[in-house]
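Asks: The lines below spell out each chain.
2 protein chains.
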Amino acid sequence: MEETRLAKKLGLLIRRLRVEAGLSQEEFAYKVGIHRTYAGAVERGEKTVTIETASKFASALDLKLSQMFAMLESQSD
Amino acid sequence: MEETRLAKKLGLLIRRLRVEAGLSQEEFAYKVGIHRTYAGAVERGEKTVTIETASKFASALDLKLSQMFAMLESQSD
Chain Z
2 MEETRLAKKL GLLIRRLRVE AGLSQEEFAY KVGIHRTYAG AVERGEKTVT
52 IETASKFASA LDLKLSQMFA MLESQSD
Chain S
2 MEETRLAKKL GLLIRRLRVE AGLSQEEFAY KVGIHRTYAG AVERGEKTVT
52 IETASKFASA LDLKLSQMFA MLESQSD
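First to last, the protein sequences are chains Z and S. For the first sequence, the positions run 2 to 78 when our numbering is used. For the second sequence, the positions run 2 to 78 when our numbering is used.
Pulled out of the complex, with its shape left as it was, chain Z reads as follows (with noise of 0.2 Å):
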C-alpha cells in the first residue's frame, strides 16, 4: 500500500470508529493518551504514526493492532 494513502486510510478508518464509539475528538485523545491536536493530524492522515502510537489507537477503540489493520485492508479503495 502506497505510503500516504495508508496514513490517510488509517485516519478515516479511527475517525469512523471513534465517532461510531460516539467519542468527542477531545474525548478519544484523553484515552488514546495524545493531544487532541496530534489526534486530529492522525485523523486526518497528515501525521504518520509508529507502530506504538498505532497501537495506543487500537487499545482506545478495545481493538488489536491486527484487527485494526484488517478492517483497513478490508476496505474498498
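Only true hints are included.
Where chains are identical, the list cannot tell them apart; a pair therefore holds if satisfied intra-copy or between any two copies.
Straight-line C-alpha distance at most 20 Å; calculated DMTMM-like pairs for lysine to aspartate or glutamate:
no., residue 1, residue 2
1, K65, E53
2, K10, E21
3, K57, E74
4, K10, E53
5, K10, E74
6, K57, E21
7, K65, E21
8, K9, E53
9, K32, D63
10, K48, E74
Hints are computed from structural coordinates only; laboratory data are not their basis.
Dock chain S against the given chain Z, drawing on the hints supplied.
Replies: Coordinates of chain S only, in the frame set by chain Z:
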C-alpha cells in the same frame, strides 16, 4: 502492549521470518528498500518504525500488515 516491548517483539519476529525466508540482512534490507544498518536496528528492537515502514517490512515478507501483527500477538510473552 507496552511500548518498547512492541518494537522488540516485532524485531524478533521480523528476524525470524527473514531467516526462515533464507535472506541475509543485506538482501532483506534491499528488498524492503531501506539501509542494512537500519534493518539491523529494527530487528534488534532499537528503532520504532512507522506503520508505513512496518508495511514495507510486511510486504517484503509477503505478508499483510494485519497478518504480521496477528503473528506478533499470537506469540507467547
